Amino acid sequence: MNILREVASGLLKMFVGDAWLTVGVLSVVSLTGLLTGSGAAPPLLGGAILFFGCIVVLVASVAVYGRRHRR
Amino acid sequence: MIALTTAAPAVGAAFVASLVEVVEAFTIVLAAGTLRGWRGAVAGTAAGLAALATIVVALGPLLDQVPLHLLQLVIGVLLLLFGMGWLRKAVLRAAGIIALHDENVAFAAETANLSDTTTPRGSGFHWLGAVMAFKAVLLEGLEVVFIVIAVGAGRGLLVPASLGALAASVVVLAIGAVVHRPLARVPENTLKFAVGVILCAFGVFWTGEGLGIAWPAGDLMILAFGAVFLIVGLGAVAVIRQPRGVFTQ
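Residue numbers (this note's numbering), protein chains in the order written: chain A, 1 to 71; chain B, 1 to 249.
If you are wondering where the hints come from, they were derived from the structure by calculation, not from laboratory data. Be aware that a few hints might be false.
Said to hold, decoys possible - Computed beta-carbon distance windows for the label pairs:
# : chain 1 : residue 1 : chain 2 : residue 2 : range
1 : B       : G60       : A       : V7        : 10 to 20 angstroms
2 : B       : H180      : A       : V7        : 22 to 32 angstroms
3 : A       : S27       : B       : A167      : 36 to 46 angstroms
4 : B       : L68       : A       : V16       : 18 to 28 angstroms
Claimed, not checked - Just some of the chain B residues that point at chain A, by a computed CB distance under 7 angstroms:
# : residue
5 : G85
6 : R88
7 : T207
8 : L211
9 : V232
From a predicted model like this one, the values you see are computed outputs, not experimental measurements. From the three backbone atoms N, C-alpha and C, an ideal C-beta is built for every residue, glycine too.
Work out the full structure: start from the sequences and follow the hints.
Following this line, the structure appears as structure tokens:
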């Protein structure tokens, strides 16, 4: 059971290494899905939101961690 | 017949990503074998590979049952989570914010773990070494399996991606068998940076396709996404870089 727990924990860490990054990515994907699914945004605009949203999430995550842990 | 230009990115991504994972598994198996005997380490490795094969054989056919758009969306999102996690960590390591992963240090830590136990050494079968090797092979192997599925499943490239992963395993095992020590000279962070960029590019592309977005220029958009992620990652390193030797964990 211990091994299974460790394997499960390892698998979880593969995708949820940083909670804020995970929340950010899922938010961007959900927003894109909502906008394109409801027809509020044309697919290409949805694609741009998805791509640039991911870039913003990545930069924000790195910048926040970098600022907090700078010596 | 799969075109080389279509298969090459999948093979390359699977090879480089698997190289990183196999090197990590190799370090732990080496520590287990060196300290607790090779019978247990080899048995644990074989059991880990058998468990992996069982998982792949059991779950692999299910992939064909999932509608393509749903498969692309799920794998795309998982790729984004996995790839952005790798890229974020690689950027922080390259910038000197967190310490670089060092296989020699990892080997020393695993060795210390095994040395602390009361299990007697000798030439017999040691369960501790076997369990350690099993866990390492299973966990790192699952990451390899995920990467192969992620870069191969949406385009019918599972076989080329698997060959890329297999080639990485063969390369690491061949070099490891010769040098018989942790493969510390593999530029792991550079590889993780590159793989993070590739996985993020694939992740955006497939998530978009899963959401019904028809990308202009088709597959070529993966290259464009990768180029932007690379530029952004390198830019982030340059902006937050701090002098070497000052790390947080």
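Now the hints, each set against the structure:
The hinted window of 10 to 20 angstroms between G60 of chain B and V7 of chain A holds, with their beta carbons roughly 19 angstroms apart. The given range of 22 to 32 angstroms is respected by H180 of chain B and V7 of chain A, whose C-beta atoms sit roughly 28 angstroms from each other. Look at S27 of chain A against A167 of chain B: about 37 angstroms separates their beta carbons, and that is inside 36 to 46 angstroms. Checking the proposed 18 to 28 angstroms range against L68 of chain B and V16 of chain A shows it holds: the Cβ atoms sit about 26 angstroms from each other.
Proximity of G85 of chain B to chain A holds as hinted, the smallest CB-CB distance being about 4 angstroms (cut-off 7 angstroms). Among the interface hints, the one on R88 of chain B holds; its C-beta lies about 5 angstroms from the nearest C-beta in chain A, closer than the 7 angstroms criterion. Restraint check, T207 of chain B versus chain A: the minimum CB separation of about 6 angstroms is within 7 angstroms; hint holds. Checking L211 of chain B against chain A: minimum C-beta separation of about 5 angstroms stays under 7 angstroms; hint holds.
Because the beta carbon of V232 of chain B sits about 6 angstroms from the nearest beta carbon in chain A, less than 7 angstroms, this interface hint is met.
The structure agrees with every numbered hint stated previously.
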